[in-house]
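Participant: The chain contents come next:
Number of protein chains: 2
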Amino acid sequence: MKKYVFQFKEGRASMKNLLGGKGANLAEMIHIGLPVPPGFTVTTEACTRYYKEGQKIAEDILEQTFDALRELEQETGKKLGNPDNPLLVSVRSGAPISMPGMMDTILNLGLNDETVEGLARSTGNRRFAHDCYRRFIQMFGNVVLNIEHERFEDIISGVKKRRGFALDTELGAEDWQDVIEQYKNLVLKHTRREFPQDPREQLVMAIEAVFRSWNNHRAIIYRKINKIPDELGTAVNVQAMVFGNMGEDSGTGVAFTRNPATGEKEIYGEFLLNAQGEDVVAGIRTPRNIKDMAALMPDVYRQLTDVCALLEKHYKDMQDIEFTVEKGKLYLLQTRNGKRTAAAAVKIAVDMVKEGLISKEEAVLRVSPEHVVSLLHRRIDPEAKVEVIAKGLPASPGAAWGHIVFDPDEAETLGQQGQKVILVRTETTPDDIHGIVMAQGVLTSRGGMTSHAAVVARGMGKPCVCGCDAISIDLEKEEFRVGDLVVKKGDIISIDGSTGQVILGQVPMIDPVLSPEFKELLGWADEFRVLSVRANADTPEDARVARDFGAEGIGLCRTEHMFMGQDRLPVVQEMIMAETKAEREKALAKLLDFQRQDFEGILEAMRDLPVTIRLLDPPLHEFLPNAEELIQEIAELKAAGDEETLKRKQEILKRVKALGEFNPMLGLRGCRLGILYPEIYEMQVRAIFLAACSLAKRGIKVYPEVEIPLVSNDNELKLLRELVENIAAQVMKEEEIKVDYSIGTMIEIPRACITADELARYADFFSFGTNDLTQTTYGFSRDDAEAKFLPYYIDHKILTEDPFIVLDRRGVGYLMKTAVGLGRGVKENLTVGICGEHGGEPSSVEFCHEIGLDYVSCSPYRVPIARLAAAQAALKNKKNS
Amino acid sequence: MKKYVFQFKEGRASMKNLLGGKGANLAEMIHIGLPVPPGFTVTTEACTRYYKEGQKIAEDILEQTFDALRELEQETGKKLGNPDNPLLVSVRSGAPISMPGMMDTILNLGLNDETVEGLARSTGNRRFAHDCYRRFIQMFGNVVLNIEHERFEDIISGVKKRRGFALDTELGAEDWQDVIEQYKNLVLKHTRREFPQDPREQLVMAIEAVFRSWNNHRAIIYRKINKIPDELGTAVNVQAMVFGNMGEDSGTGVAFTRNPATGEKEIYGEFLLNAQGEDVVAGIRTPRNIKDMAALMPDVYRQLTDVCALLEKHYKDMQDIEFTVEKGKLYLLQTRNGKRTAAAAVKIAVDMVKEGLISKEEAVLRVSPEHVVSLLHRRIDPEAKVEVIAKGLPASPGAAWGHIVFDPDEAETLGQQGQKVILVRTETTPDDIHGIVMAQGVLTSRGGMTSHAAVVARGMGKPCVCGCDAISIDLEKEEFRVGDLVVKKGDIISIDGSTGQVILGQVPMIDPVLSPEFKELLGWADEFRVLSVRANADTPEDARVARDFGAEGIGLCRTEHMFMGQDRLPVVQEMIMAETKAEREKALAKLLDFQRQDFEGILEAMRDLPVTIRLLDPPLHEFLPNAEELIQEIAELKAAGDEETLKRKQEILKRVKALGEFNPMLGLRGCRLGILYPEIYEMQVRAIFLAACSLAKRGIKVYPEVEIPLVSNDNELKLLRELVENIAAQVMKEEEIKVDYSIGTMIEIPRACITADELARYADFFSFGTNDLTQTTYGFSRDDAEAKFLPYYIDHKILTEDPFIVLDRRGVGYLMKTAVGLGRGVKENLTVGICGEHGGEPSSVEFCHEIGLDYVSCSPYRVPIARLAAAQAALKNKKNS
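Chains as they are written, first to last, in our numbering: chain A, 1 to 881; chain B, 1 to 881.
Bear in mind the hints are in silico, worked out from the structure with no lab data behind them. The structure presented is a predicted model; accordingly, all values stated were derived computationally and were not measured. Treat the hints with caution; some may be incorrect.
The list treats identical chains as one, so a pair stands whether inside a single copy or across any two.
Calculated lysine-lysine pairs in the DSSO-like style (CA-CA distance at most 30 angstroms, straight line) [unchecked claim]:
1) Lys477 / Lys649
2) Lys654 / Lys391
3) Lys327 / Lys313
4) Lys657 / Lys797
5) Lys817 / Lys827
6) Lys160 / Lys879
7) Lys638 / Lys657
Generate coordinates for the entire structure from the input sequences, incorporating the hints supplied.
Facilitator: In structure tokens, the structure reads:
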């Protein structure tokens with residue numbers, strides 16, 4: 001017969017899936033000799049059967065439960081329901097993965113009108129016994145019988161009022177008896193049944209209630225958010241009661257073995273004298289700092305610190321424990337790995353290595369890369385009380401506050417005057433760049449994670465909240481509305497680009513610092529990882545940040561962002577408006593100087609390291625004003641009769657329309673531009689090599705890697721490789737110096753993956769552009785998908801993840817693997833990396849390690865995360881192989 | 001030593017690659033005993049070496065040439081350059097694939113100041129000899145020495161004028177001597193060298209000129225258009241002269257063994273008495289019908305008809321021959337398979353089967369599917385002289401003429417009055433449908449092969465020329481301009497949607513008929529093909545046409561085209577403008593009736609055959625007016641102060657903007673719509689099954705196949721399969737009758753191909769949507785690519801074909817093959833077809849056969865082409881295996 005019920009002493013920590021976390025750890029503590037009240041666990045498999053069999057507990061499981069109960073009675077020498085020597089138990093849920101929202105605890109189960117008297121006699125404490133009973137009815141009534149908590153509280157308040165008391169502690173045994181009678185009436189009225197007096201019935205009902213709570217609304221939501229499978233089920237722990245409410249030598253509390261906020265090695269927690277567990281939660285009495293126990297109960301405190309040390313040594317991790325002291329004797333009711341802040345996680349992992357508790361490998365594996373993201377950006381003080389008025393997409397991480405401004409020109413003026421401003425726009429265009437530059441952050445009501453605002457803000461490392469459609473902007477009135485709330489120009493808001501939150505007013509913020517421990521941990525990570533980590537950076541400033549964070553090169557330098565500068569944009573527009581090649585070349589000549597300076601800056605900042613420079617990628621119309629705005633302007637100008645401006649605008653509109661595309665993502669961009677307008681790429685390549693040569697002359701070692709974007713067939717690459725080689729040779733000859741360089745391609749089109757063997761013949765390196773590759777593999781336009789249907793898809797489990805955030809291994813990953821195999825088949829030493837945003841996402845980094853990439857490249861602020869994730873991938877892979 | 005020169009008698013027809021077509025066929029004719037003047041061929045490999053070795057003929061090749069010459073001298077008993085008995089030769093080019101534009105012929109080579117006298121003596125005809133010499137200098141001067149043809153003609157004109165003659169025939173021997181002197185002076189002046197007197201030098205120069213002509217501009221262009229590899233090279237044929245200009249018992253001519261226009265079995269051609277070959281071409285004298293020879297030269301004519309019969313029997317194909325008669329003796333100078341019209345090709349193939357010349361298989365293989373396209377549409381009479389004023393994209397085949405109209409309302413009105421109109425628009429939108437319906441054809445200046453106009457016109461089977469950017473439309477003035485030409489409303493134009501031509505005025509047209517021979521040939525094709533052939537049809541009319549053309553089912557019925565009807569569009573817009581599900585359902589209820597009728601019509605038309613009905617695919621904004629136009633209207637309404645209309649338009653604009661997408665191709669469309677708005681798909685599925693049940697009740701067998709578009713992961717399909725199954729079951733229960741049906745999916749996203757094993761679990765059939773699959777595999781938006789960079793790519797050989805026309809086997813094909821393998825791996829009996837436009841393109845059909853698809857589906861008018869292509873694929877495959 002299958003075993004559905006385990007005595008605590010039969011279990012071990014390793015049996016978490018079967019016994020749940022709480023049950024497995026109680027078993028483990030008994031195993032290592034810690035004082036744990038005896039009990040047993042009904043397994044998660046029993047829960048699964050409960051649901052399979054139409055929400056009924058099967059007979060065999062009930063039998064095993066009562067067998068276990070009998071054994072518990074023997075061990076404690078008490079008996080459930082025996083008025084002379086009643087056994088009381090607690091019933092607690094315990095899933096394999098800790099999960100708030102489920103039924104927590106029923107204490108004192110086993111009490112009824114008779115056993116309560118027995119308890120009074122055996123403890124000699126009538127008030128205590130009746131207090132226990134009323135607590136039991138209250139908890140049972142609430143969690144098993146679904147009677148609102150307030151209804152019970154109202155009854156106590158009524159009695160206190162009648163008796164003129166302020167505090168619960170003033171109530172005596174008779175008062176509690178009065179309360180109990182009223183409680184029982186409440187139960188009768190609510191359930192049309194008497195409060196169950198049979199303790200076995202109580203037990204079965206409680207177990208069922210735990211099973212049911214697995215599928216209550218809060219638990220389902222929690223599982224969805226945390227991606228916990230619905231099939232796991234919960235276990236139920238039935239444990240002999242110990243009482244913290246038996247006088248001033250009793251108490252109850254929770255403790256962390258280290259400070260969960262800072263990671264300091266010190267016992268941290270709180271306790272209450274003469275109380276049962278839920279009193280701490282209820283917040284009726286203010287708990288005391290655990291350190292006060294040292295004076296109040298010196299023996300117990302010493303014992304507790306010993307237990308903490310033992311548990312840490314045993315579990316090799318910081319523990320979060322619950323304990324009860326009954327008449328001077330310490331009992332442990334729970335231990336689990338304690339939740340902690342990112343900073344604490346880092347410090348604890350590093351400290352534990354130094355204490356010899358864990359290895360460096362374990363320390364590296366223990367810190368979640370996603371968790372430490374928060375340490376790398378300015379953030380809203382988690383202690384602060386904030387009023388979130390709206391939520392948009394978390395488009396560029398970090399937090400900022402400022403006076404809101406709707407006009408980019410005004411943002412620039414005020415910003416230059418030193419005022420902090422947040423630029424609020426429906427969406428941004430290249431014409432707004434000067435405003436974004438001077439703003440603390442950007443908030444838009446339209447556009448997704450790759451909208452102009454998002455891309456530009458991420459590029460500048462500025463916080464940005466995008467597509468916040470809850471706010472409706474009135475540009476004329478210079479205000480926005482959220483429901484009834486009107487926020488006007490000049491009002492202060494705070495935004496958090498890591499969470500998408502928009503907050504009214506200024507909130508306290510915390511600046512990022514890499515703690516010495518974090519640096520040490522990353523150093524260890526570097527020892528283990530196989531993947532190299534580069535950064536995506538478009539400016540010397542970004543490059544420097546990336547280098548400080550440990551980047552070993554630039555994996556993607558987007559030259560188009562250099563086109564967006566306020567001094568360059570008019571020249572870029574001049575180039576685009578050019579109607580002949582000669583006119584275009586004139587404008588390009590002006591851009592050459594700008595680009596040379598750009599490249600010189602970034603190459604110098606990355607001296608001794610490789611810098612992958614991608615030639616112009618976006619469609620040209622991205623550099624021109626928006627067609628719709630122009631049409632409106634033109635209609636207005638016609639009415640106003642301003643012939644000259646009208647004509648100019650009409651010219652621009654004509655060009656905008658000529659360049660306009662139905663699906664710009666799939667249109668004239670990337671290498672297609674370079675092929676149709678070779679003079680643009682020629683200018684860029686010339687600028688790269690002028691910069692490289694000039695640095696080389698100053699003795700600075702540079703490694704430019706010229707990258708051709710959006711290649712879908714080998715002839716494109718062949719042609720452009722020739723172009724690059726020709727210009728490079730020409731410039732190096734003119735400058736009379738040689739520099740090392742290589743030429744490669746982005747792999748971001750399915751066909752490029754499939755024909756990677758052909759491409760490899762003309763490429764020294766591949767770099768996966770997984771943003772675009774995801775778009776084409778899925779047929780999803782990211783902006784449209786994230787705005788229109790991806791949230792629904794994820795909500796309804798059609799997709800488990802946003803494939804633009806977590807790399808889709810099944811589809812996109814398959815194509816990547818194909819490309820790596822085909823490419824290396826032709827060219828063994830082909831360098832292969834990734835520069836899509838996935839390059840900084842831990843699970844995607846793991847996949848990149850698995851398929852043998854050489855490097856990942858991500859935003860500068862994600863470099864430490866990628867270093868950690870790469871190390872974890874290598875360590876996990878080593879383990880598994 | 002490698003052999004670079006072959007005597008005619010050493011060759012065979014099979015050596016075409018080495019000897020060129022002309023040389024190989026001369027050899028073959030000698031082999032079968034026909035009278036061919038002797039000669040030799042310098043091979044194509046000699047040409048290749050000529051280019052490899054810096055445009056120089058190698059010594060060993062020259063040696064072999066002179067050896068061959070010696071042999072020729074022995075055979076003829078004459079000697080090149082011998083004044084007593086001069087050998088004269090012709091030098092002609094001959095590439096492996098017949099190619100106009102290359103150097104054609106030099107006759108009479110070997111003449112110089114001395115041999116001309118020898119020729120005069122040996123023939124006893126001074127005038128003849130000097131005429132030959134001047135002809136030689138003229139041809140040599142023109143094609144070898146690059147002297148303009150007119151310069152020579154001017155000299156003859158001068159002499160005639162001086163002598164008061166009108167015709168060349170009036171000139172005597174002395175006059176020709178005069179001409180020759182002037183010719184030689186012209187050569188000296190032009191080349192600063194005397195005309196070469198050494199016949200061997202003449203020969204080498206002529207051979208070099210043939211080699212050079214391989215790379216002249218016209219030849220290069222021709223090869224590019226006809227996709228002939230540049231590496232083939234041309235051979236040179238040197239042949240002893242025979243003379244058609246030796247009196248009234250001599251002559252020269254060309255003949256086809258059957259009528260190349262109609263295919264009738266009759267000798268067809270023309271000839272000239274007393275003339276050399278180039279006189280026919282020069283057009284100085286009007287040639288006579290070949291049949292006149294029967295009376296003029298009865299013996300020679302009988303001989304000629306015998307030769308024609310023999311050649312057809314030998315080559316098993318209609319031949320195009322050149323011949324010369326010298327003093328009553330017939331010589332053949334060339335034979336080749338004759339070019340013919342599509343109608344003739346079909347008739348000749350079928351007739352030859354009946355004559356026992358070829359098998360049915362050969363007949364089927366002999367007719368090019370692309371060639372017969374012209375037989376399936378109305379077309380411009382190829383005999384007509386037309387003035388092409390512009391060329392656009394051939395967006396929907398067929399030809400039409402009409403008065404031009406710029407306004408769809410006017411097109412509707414005039415059309416209803418019975419006037420023929422051509423609708424001319426910048427681009428069309430759904431609002432223009434009523435105008436398109438009543439027009440003969442559509443011409444747009446913007447948009448590609450999948451633009452609204454193109455798709456709608458193809459759907460209606462109406463001619464359409466798209467993206468004709470040479471015309472600039474002025475809607476206000478109601479005119480368009482092409483360069484200086486202004487074409488006004490009411491003017492007549494003709495358009496040819498098969499070629500993209502726009503022609504001023506009305507031109508004669510030919511209506512399509514399937515000839516009995518064509519029907520017979522298609523019947524044979526059906527015996528051989530493995531692939532089933534279906535049609536893409538959206539209306540009962542289209543379905544009937546398709547069935548008449550032999551379609552075995554509907555492979556794609558696009559339900560959205562039914563939404564575009566003028567009576568439906570307002571209801572569709574009402575549905576889209578709905579702000580609540582309830583409002584949307586109200587509009588959908590109205591659409592249900594329309595759709596039920598649509599489906600009933602198409603299912604009835606295809607009784608007994610399967611009909612694949614695709615659920616709604618395009619983004620909803622395609623059914624709304626254009627945002628830019630609305631913005632302009634609104635700006636104008638604001639100025640005009642029409643508050644009410646303004647408000648309504650603003651509402652629509654709001655919705656248009658809300659639905660607007662950055663990349664609609666990759667946005668909220670296909671099954672994504674069906675998932676977010678299940679009520680739309682529910683209505684469509686209900687309509688399908690109401691229609692099917694109603695027909696079933698009338699005893700009509702129907703096989704609806706419900707198709708889910710744009711699936712990229714299995715959960716989408718799983719969910720929608722359930723939806724379809726539920727509604728189907730519900731309707732069949734209500735209607736109390738069962739119908740057979742199946743559920744499948746379009747495979748049009750790379751990820752669908754990669755995860756086809758997962759999809760196959762929820763699909764009874766796959767249908768490749770290769771239009772979209774090509775877009776996503778290449779990262780090409782078809783509209784943008786064809787408008788912006790594909791033409792450049794093809795011109796510059798970056799791509800050899802437009803992948804939207806010819807299926808890209810390397811990329812898209814790889815994904816298709818992967819999908820077929822994965823899908824059938826899971827479900828052996830999975831039906832797999834293709835419904836992209838490639839389904840009617842012969843090379844793509846061949847690929848579909850090779851990867852084992854069950855059917856191809858194409859536009860109704862392409863069904864015969866697909867039947868033929870499918871048969872050819874099966875026959876070729878059988879041959880190769």
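Participant: All hints are to be evaluated individually against the structure, with a verdict given for each.
Facilitator: Each hint tested on the structure:
1. Lys477 / Lys649: both (26 angstroms within a copy, 22 angstroms between copies)
2. Lys654 / Lys391: This pair counts as between: shortest inter-copy Cα distance 22 angstroms, intra-copy 38 angstroms.
3. Lys327 / Lys313: Within one copy only: 28 angstroms inside, 119 angstroms across.
4. Lys657 / Lys797: For Lys657 and Lys797, the Cα distance is within 30 angstroms only across copies (28 angstroms; inside one copy 40 angstroms).
5. Lys817 / Lys827: Close inside one copy (15 angstroms) and across copies (26 angstroms); limit 30 angstroms.
6. Lys160 / Lys879: The answer is neither: 62 angstroms in one copy and 101 angstroms across copies each exceed 30 angstroms.
7. Lys638 / Lys657: both (19 angstroms within a copy, 24 angstroms between copies)
Going through the hint list in order, the structure does not satisfy hint 6, though it satisfies all others.
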